[in-house]
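Engineer: So the protein lines, in turn, are chains U and Y.
Counted from 1, the first sequence has number 48 at position 48 by our numbering; the numbering is strictly sequential.
Counted from 1, the second sequence has number 109 at position 109 by our numbering; the numbering is strictly sequential.
To be clear, the hints were calculated from the coordinates, so they are not data collected in a lab.
Please note: incorrect hints may appear among the correct ones.
Stated by the list, open to error - The list that follows gives simulated cross-link-like pairs (lysine to aspartate or glutamate, EDC-like), each with its CA atoms no further than 20 Å apart:
#  : chain 1 : residue 1 : chain 2 : residue 2
1  : U       : 165       : Y       : 89
2  : U       : 165       : U       : 134
3  : Y       : 127       : Y       : 94
4  : U       : 165       : Y       : 48
5  : U       : 147       : U       : 65
6  : U       : 147       : U       : 134
7  : U       : 147       : U       : 52
8  : U       : 96        : Y       : 148
9  : U       : 60        : U       : 134
10 : U       : 46        : U       : 209
11 : Y       : 127       : Y       : 37
12 : U       : 165       : Y       : 77
What the hints assert, rightly or not - Short, incomplete list of chain Y residues facing chain U, as computed with Cβ under 7 Å:
#  : residue
13 : 50
14 : 89
15 : 127
The model shown is predicted, which means the values in this text are computed figures rather than measured ones.
The beta-carbon is built from N, C-alpha and C at its ideal position, and this holds for glycine as well.
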Amino acid sequence: MKRAQAVSVGIAAALAIAVGIGAALWRRAASQPPLEIGGYVLPTPKSLGAFELVDDRNAKITAQDFAGHWSFLYFGYTYCPDVCPLTLVELADVKKRLAERTPAASVSVYLVSVDPPRDSPERLHEYVTYFDPDFHGLTGDVAEITKLANAAGAVFFVPPGQDDKTYLVSHSSSIALLEPSGGLRAVFTAPHEAEQVAADFTKIYARYDGGQR
Amino acid sequence: MRRMIVANLSRAALGLLLAGLACVRAAAAEPSIHVVDAWARATPPGVENGAVYCKILNNGGADRLVAARSSAAHGAEIHASVSQNGVVEMRRIEALPIGAGASLELAPGGTHVMLVGLGAPLAPGAKVELTLVFAAAGEIAVEVPVVDARAPPAVHEHEHHAQ
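Using the sequences plus the hints, can you model the full thing?
Structural biologist: Next up, the structure:
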C-alpha cells in the first residue's frame, strides 16, 4: 500500500512536471505571433513526401536534394510569355538582395515545369540560366511533378479545347519556400515584388534558421 | 400619307449615310487611336512565344481592338493574364473594347499581345513590326523595340541607366 502510494505520488509529480513543461512550451510558442508576410508562414514545416524529378542538368532530384539550403519554388513553363518571365526576373532580383542581406543563407531558386511534354531539361536549362546562371529547372513525369506541386500548395492544369502544339497551361502564381530541413515553410502569394519577398524572407530566416525550431 | 412617310424615311436614311461618310472621312484625316510606349520583352534562347506591351490612346469614339499580326511571329493574339484564386491563366481575348476618349495600358502581368511561334528569339535592340487592327479606326502599324526586361545587376543598381 505504501509502495503503491509512493508510485501514485511519483506519477502525479511526473504529470505535474510534464504539464508544467507543456504549458511553458505552449506559452513560448504562443508568445511568438505568426510572421506577417505577403503570403503565409507555416508554424511547423510540412514534409514534401517522396517524388523523383530530373533537373535542367539531367540529374535525378528527390526530396532529399532540398535539404541543407533554402529553396524558392515557382511553378511555370517556358512557353509562358508574360507572368513567368516577370516572376523569374523578380526572383533573380530577390536572390541578389538576399546575397547582401542574408549572406550566410544558402538560397536556391527552382522553376518547376508545369509543361513537361514541351519543357525538356535542355530547354529548361537555356531558359532558367537566362534569368540567373544559378537558377535550376525541374521537370519529369506529370505524376511526379504533381506530387511536388501538391506538397508545395500549388496546382496546374491544361484548360481543355486547345491546340496540341500551342496550348497554354494554367498554374498557381504563388512561390513556395522550403527551409533547410527540406520542408515547406512559407508560401508567397502574387503579386510578387522583389523587395517585399526579400524582406519577408529575411524575417523568416531570422526566426527559423539554425537550431531555433 | 404612306408615301410621305416613305419619302421622309429615305431622306432620313440619306442623312444618316452622309453623316456616316463624314465620320469616315474625319477618321481617315486624323486617326483617333494612337499606340505609344510599345515594347516587346526580349526572349530567352529557345523560347517560341513573346509578349508586346503598349498604351492605346483613343481620342475618338468607342472602338475595339479586334486583331493583331506581326511579321516576327506565326501569329499574334490578344491575351490577358487573369489571376483567380491564386491561379494565373492566360485567356485569349476576341475583342478588347476601348471607350470614347479612354486610354488602355497593356502591361506585364495583365493584357498583352502574345506573339505565337517566333521566327527567331527577340533580341534586345531589335525592332518588331506589329499591326493592331481596330474595328473602327482600322489598322495601325507600330514599330516595337525589343527591351531586355531583366533587372540590372545589384552592384550597378545605383547607376540607373534609362532603357
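Engineer: Of the numbered hints stated previously, which ones are contradicted by the structure, given in increasing order?
Structural biologist: 2, 3, 6, 15
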